[in-house]
Amino acid sequence: MSTLNLSGITKSFGTTTVLHGIDLGVADGEMIVIVGASGCGKSTLLRIVAGLETPTTGHVAIAGREVTRLEPADRDIAMVFQNYALYPHMTVAQNMAYGLKIRGTPKEEIARRVAETATLLGIQPLLERKPRQLSGGQRQRVAMGRAIIREPKLFLFDEPLSNLDAKLRVQMRGEIRRLQQRLGVTSLYVTHDQVEAMTLGDRLVVMHQGRAAQVASPMEVWARPADTYVASFIGSPAMNLLEGWLAEDGAAVQLKAGPLLWFTDGPRPGGNGRPLTIGIRPEHVLREGGVPVDVELELVEPLGSETVLHGLLPGGETLTAKLPGMVPAVGSAMEMHLLAEAMHVFDASTGKRLEA
Amino acid sequence: MRAVVDPDVLARQAERRQVLGRWLAHGALGLGVLVFALPIWITLMGSTHDAATIGRGDVPLLPGGHALENYATALGQGGGRSMSTPVGGMLLNSAIMALLIVSGKIAISLLSAYAVVFFRFPGRMLAFWTIFLTLMLPVEVRIIPTYQVIVDLNLFNSFAGLSLPLIASATATLLFRQFFLTIPDEYVEAAKMDGAGPLRFFRDILLPLSVTNIAALGVILFIYGWNQYLWPLLIVNDRSMETIVVGLTKMIGNGDAQNEWNTIMATAVLAMMPPVLVVVLLQRWFIKGLTETEK
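Chains as they are written, first to last, in the working numbering: chain A, 13 to 368; chain B, 2 to 296.
Hints were generated in silico from the structure; no laboratory data involved.
Treat each hint with caution, since some may be false.
To be verified - Straight line, CA to CA, 20 Å or less: simulated DMTMM-like cross-link-like pairs of lysine to aspartate or glutamate:
#1 A/Lys113 with B/Asp205
#2 A/Lys142 with B/Asp205
#3 A/Lys165 with B/Glu190
#4 B/Lys193 with A/Glu163
#5 B/Lys193 with A/Asp86
#6 A/Lys113 with B/Glu190
#7 B/Lys193 with A/Glu65
#8 A/Lys142 with B/Glu187
#9 B/Lys193 with A/Asp88
#10 B/Lys193 with A/Glu171
#11 A/Lys113 with A/Asp88
#12 B/Lys193 with A/Glu83
#13 A/Lys119 with B/Asp205
#14 B/Lys193 with A/Glu78
One chain only, chain B, in its complex shape (with noise of 0.2 Å):
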């Protein structure tokens, strides 16, 4: 026989247990936060101290007064030992090559997964797993006929050259197809039924389903497009076509000269702001696009 167990009791028991978990789970979420937020935190309040406070060693963790003048030299006139190129130019170079990316990628995996899903033509299975080799060759594997290519298209130092080899993606390509898998037959048959073409179909209804996808996809591919480094270090010589990323790397010399800290930080926090901006805007939509299936 058990003891009876006064219910007050084990209500007092289960009141502690919770109160238990809710400290646990804020705990590790206050740990994950400060693992990802410090090294933003320092940076930012880096971009606010000048250059001797940063040099002495000391890893300010309050503001100092020389925002304003760091900002305006990363924008004016650009940082560190290149102290030739602005950060505003390099800002606009990584926009358009992001968004060049983003938009070629979205148009191309688009289109050649609405031809594997929806038409029948000889050698579709073929284009499909031709296009799904290509996930075992990134960029960096391909790097050297890739910019051979480049080179004898005579691309090289253009933004048709930073963006073309980084468009062709089998992994939209997929994605857009796993979610084309999952329209019902239905809608295709009932646009049949009401006279609309293949190329109507593709914009009033197809398009308009994707919308979420799209965005979701858009978001991850500007994120990539921005942080892309080594093929715009290979095919980029000008100064004046240099992106945010590379030029933020040359800022730091790897000589005994000293580094402007104060300046390369206010450059890496510019060069951190339109990711973040485009996250923050469409982040109700990329949600959405990756949890929900609209049906």
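Only chain A is shown next, with the shape it has when bound in the complex (with noise of 0.2 Å):
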């Protein structure tokens, strides 16, 4: 069993705090990903889990055991770094063993742990080379390797995928997936693409400004994303946020831009009137059965099996709608239409989810 366990962390660097408090549990064998933009904490909590920092307050477990005050290698982990951090002037044979060579692990185990894991990683023929002899795909793999070897209780990937170009970043996501599946070691990974956070993730943690925002499955997050943040973090385009107000006693949404949408799973709380923010993801927009609404046309960007539109809806707010197949240009102003089942209400001063 090895479960991580993070209570209250939180960290500041002089006067300006980076975590204000992260509660995380994770299951034996569980992969979670935190995603987040840049500066938003994620990778200080990394590297605090990891132990290459040491948080200002709260408490890190490992399968149960306080390592808060542990040194790195004292945590039964391995972590996979960014540039992967493979020491140049060792072979690949060598970059792997040298953590065992450290514990004192004898010759002919570390020999036979080698093979094995170049074996499961299909690295073999590159044992004897050194680093710089290797591609970006087959650099992250010996990264890989080098993890794995050591047989930790918990992996840390801290962005690995990020140096590679599309097409490998792809397939060694894939990779990585099954090969955690597989091996069904506790994972920790962080990164800013939210489409590695999507794929990879049996869990999400999405990071903003220090705090988990939500900790949902990514389906959920999708789904149900619990603030506006999260909301236009998670989907690709951005979801449309729109202003508008509580009306018709809490049972539907006057919109900014004209349109009335009636909830379709019951009224929310609060008088006529209260502000709100209602979340519409491009994908839910539509040339026809919804709610209608003019649209002036900015920009067109056929993708080949979609198209984003971009527009400005009456009132100056602007409304991305991604629709299937090519759209002929049709001139400056088109309807479209709102579908009013799978708008996300929040409330406009906090940014929290609104439920029915």
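The task is to assemble the complex, starting from two chains supplied on their own in separate frames and drawing on the hints.
Right, here's the structure in full:
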């Protein structure tokens, strides 16, 4: 059983507080992806788990053992770095063996485990090469190998794919996921890429300004974002956030742009006129079958299988729509339809999700 | 409207310009070689003639027939008026002194740069700036107090006395500091993950990464140590401890007596050999260390 428990983690550098109390429980074998824009504290959190930073307050427990004050080497963890950090003067085999060698593992066992790990990752032919003779994808595999070989209780990934080109990134993403599931090692994966986050994680931690804005499964985060930040961060193109206020005694919302949208899942609390933020994903802006609204087209981006349209609503707000197939340029004005069933309701002042 | 020019004419003009450029470049290089190499050539040729030829005031540009005896004299019994210190012994002294300076300087500056770059301790920046400030105090400036200290420590006429004051080095520390700063933090962190302590990290990762820099610095420092003149002149008065550079100058008398230029030139050639050898042997690493940062 290797679980990870974070309780009340805060971190301040001088007067700047970058983490405001993070609580997180990771189950055995679970892959948690920490996602957020740069500067949200996600890397700091990972480094605290790794032992490269000490939290200002709070506790880290790995497999039930308190490790907050332990050195990285004593935590039984392994980390894959963004730039791989392979020792340039050592061969691939030496790189993978170094940690074991320091721990005093017998030579025969090191050799056996290097061979096993190399087979697992398909890097046997590279064992005698130096890192600079490897391609980006190969280095990535070796970095994984160096982590796997130690058979740690916890894997930490610090944006491991961001140095690869787009195609390789998709391929390595799949490999990491398959490998993690096969080995069943509890993992913490930091990324700023929402696609990586959605595809890799059993659960996501969406970080915003040093707080966990939402901790939930990828589909849950997508379908029921906890606040406007999560709503606009996850999903591409980003969700439309429109101004509005409560109407019809809580049964509908009056958009600033004109249309009145009826809640299909029940009334929201508060009196008429309560300011709201309404989120509608570009996928839920249709050509017909919803509540019509006039859009002044500004930009049409054909992507082949779909077309992204950017336009202005009456009242000056921007609206993005993602329509399937090709959309012929139909002049500068166009009627679009908002799918009321799919809208997200947030409180305008706190940004928190308002459930029915 | 521009007149239409035949492309062949343009091509010929371009070729002429290129040829002219090549000649100019080679001419400049040749001139440079002449300026640098001619004195060495004259010394080399001078060492193959007898004393009388040079004494007449001729500057021989072709080899003479006395090479063997001149070098034998220089190596065996020394030359010039001193006549007492054989060049062989002085070469050995110089080599020991230069090697002590090289190894001492590299060891000390590696360690101090390691401390300054990779550790956070109170007074770290003070230590760094103190080291940095000594850059402004070359041996010549602090020579009297240094002399006093060495004499008080009873290190007069010893290799320790010859090399110690020249070992503490701000330049080398700065160079290694700059190099260490380019080493990504991830290596340090990866090593921590692997369980390597500070000394292991130094030995297993930092040292191998610094090899080319150490070689480059070693070459420069060897030449620096080998060419020391003022300090060895002061701190050694035992002839058996004399270094070649000091010995060479002492061979040249300043009175009326006839200098044995043939032996002196042979000695000079011999004195040039070790630095040349070091440069030639370590050249590949030397250039690598100065130009290439391996990451």
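These are the hints, each one checked on the structure:
At most 20 Å may separate the alpha-carbon atoms for a hinted pair to count; lysine 113 of chain A and aspartate 205 of chain B meet this at roughly 12 Å. Note on lysine 142 of chain A and aspartate 205 of chain B: the hinted pairing holds, with a Cα-Cα distance of about 15 Å set against a maximum of 20 Å. A C-alpha spacing of about 18 Å is found between lysine 165 of chain A and glutamate 190 of chain B, which places the hinted pair at or below 20 Å, so the restraint holds. Restraint check: the Cα-Cα separation between lysine 193 of chain B and glutamate 163 of chain A comes to about 17 Å, which is no more than 20 Å; the hinted pair holds.
For a cut-off of 20 Å, the pair hint linking lysine 193 of chain B to aspartate 86 of chain A stands: about 10 Å separates their Cα positions. Of the pairs offered as hints, the one joining lysine 113 of chain A and glutamate 190 of chain B holds, with about 17 Å between alpha carbons and a cut-off of 20 Å not exceeded. For the proposed pair lysine 193 of chain B and glutamate 65 of chain A, the alpha carbon gap of about 12 Å is at most 20 Å, so the pair holds. With a C-alpha separation of about 18 Å, the suggested pairing of lysine 142 of chain A with glutamate 187 of chain B holds against the 20 Å cut-off.
Note on lysine 193 of chain B and aspartate 88 of chain A: the hinted pairing holds, with a Cα-Cα distance of about 12 Å set against a maximum of 20 Å. Using a Cα cut-off of 20 Å, the hinted pair lysine 193 of chain B and glutamate 171 of chain A holds, with the two alpha carbons roughly 19 Å apart. Distance hint between lysine 113 of chain A and aspartate 88 of chain A is fulfilled; the C-alpha atoms sit about 15 Å from each other, no more than 20 Å. Between lysine 193 of chain B and glutamate 83 of chain A the CA atoms are separated by roughly 8 Å; this keeps the pair inside 20 Å, and the hint holds.
Between lysine 119 of chain A and aspartate 205 of chain B the alpha-carbon distance is near 18 Å, which keeps this suggested pair within the 20 Å criterion. A distance of roughly 19 Å separates the Cα atoms of lysine 193 of chain B and glutamate 78 of chain A; the hinted pair therefore holds under the 20 Å criterion.
This entry satisfies every hint, going by the numbered hints stated previously.
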